[in-house]
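There are 2 protein chains.
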Amino acid sequence: MKRIAESTVRRLSVYMRYLEELTARGIATTSSDELAEHSGTTPAQVRKDLSFFGSFGKRGLGYSVHELLDRIRRILGLGREWKVVIIGAGKIGSALSTYRGFTTRGFCVVGVYDKDPQKIGRRWDGHLVRDVTVFESDAAELRPDIAVLAIPAENVQSEVDRIVRAGIKAILNFAPGRLQVPAGVTLKTVNMAMELEGLSFALTNRDA
Amino acid sequence: MKRIAESTVRRLSVYMRYLEELTARGIATTSSDELAEHSGTTPAQVRKDLSFFGSFGKRGLGYSVHELLDRIRRILGLGREWKVVIIGAGKIGSALSTYRGFTTRGFCVVGVYDKDPQKIGRRWDGHLVRDVTVFESDAAELRPDIAVLAIPAENVQSEVDRIVRAGIKAILNFAPGRLQVPAGVTLKTVNMAMELEGLSFALTNRDA
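Taken in order, these protein sequences are the chains called Y and Z.
All residue numbers for the first sequence refer to UniProt numbering, where the first residue is 1 and numbers rise by one.
All residue numbers for the second sequence refer to UniProt numbering, where the first residue is 1 and numbers rise by one.
If a hint is listed, it holds; no wrong ones were tucked in.
Taking lysine-lysine and the DSS-like style, the derived pairs with C-alpha atoms no more than 27 Å apart in a straight line are:
1) K119/Z <-> K119/Y
2) K188/Y <-> K91/Z
3) K169/Z <-> K91/Z
4) K48/Y <-> K188/Y
5) K119/Y <-> K91/Z
Here chain Z is said to cover these stretches of chain Y; the calculated rule only asks that three of the stretch's residues, wherever they fall, bring their Cβ under 8 Å from a Cβ of chain Z:
6) 8-15
7) 82-90
8) 102-115
9) 177-191
10) 196-206
Calculated directly from the structure, the hints in this document are not laboratory data.
C-beta: ideal position from N, C-alpha, C; glycine also.
Please model the complete structure; the sequences and the hints are all you need to start from.
Next comes the structure, spelled out in structure tokens:
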């Protein structure tokens, strides 16, 4: 398969949500026009995105909602369970551990870790916060797929290294700063300041 | 100015952070190769991104770090103060209200609101959580630029409508679901499940 841009993957997630809405409404077919309109993109972009994954739909007949939804879910690796560990039991980690949107997608939080004795032993919605020093031995047993890193800015790289050593191949990071991961490990960073910069850009260039 | 894709704006934020790092290290010039390497993109993409905003750099001499940084900051609308209100004093709202990365970029939290009597009146790092019913009158006085919406999934559209009526033109939303804003208002949604889907995609298609 060709290398797929992150922006394409993100649009697939958006198309999927609209297809789920159509399914709930009992609608069986859709078009690239309709998908585009509900996803903030163009019909040409929809067709291009879907073409990466082989041929979908029939000219003039549109796409089968069921077939396309099933295909996108498989492309996104959904329809199975992914074991997620959260490192950092602060506010963001806590918000994520109880986020209802995860379990419905098959993302199952199997462990929450912190180094702060004040936090270790606390219970969050059924998750016991564990000492991060037991992370490696837990990981050897649990074999988590994804680690969420939600710690303050200090020593983030050493935590990333710890996650990589534990054999985890995907990291969602909320800490700022540039981080290194070896080839074969995917690191995605959510940077809240960058999200706001997208808005200050829009506000600044609105009338330009 | 041509319409700039969200992905371009995001890369500008990444270039800016690297240019700041170079400034801190006292380095005066850089190249599209170097910018690309540190931003996870290609030199051609860097040149294309920067070309949207007029000509930068001299062939063979590279870019002046100072000049490029200054220009990108202005493009992103930084270098001024943006007033931010947070609606929803739950875990995510709380994490954001105390996020240090905001103030350094000029994003200043001027108000935090909730409808829950248990939360109203609480103090977070200097911010008093106020009753959301006073939001409109506060907004008329404070004139916030950006609203962060961090509430549970119910009634999100009505809160969006409230923000829009208050004259705010930019919204960063953490709630799931499709939302409508009028033309002239920018809505950005951060969806944590979609971030994880980017990782399940990577894990699934790694060896394909």
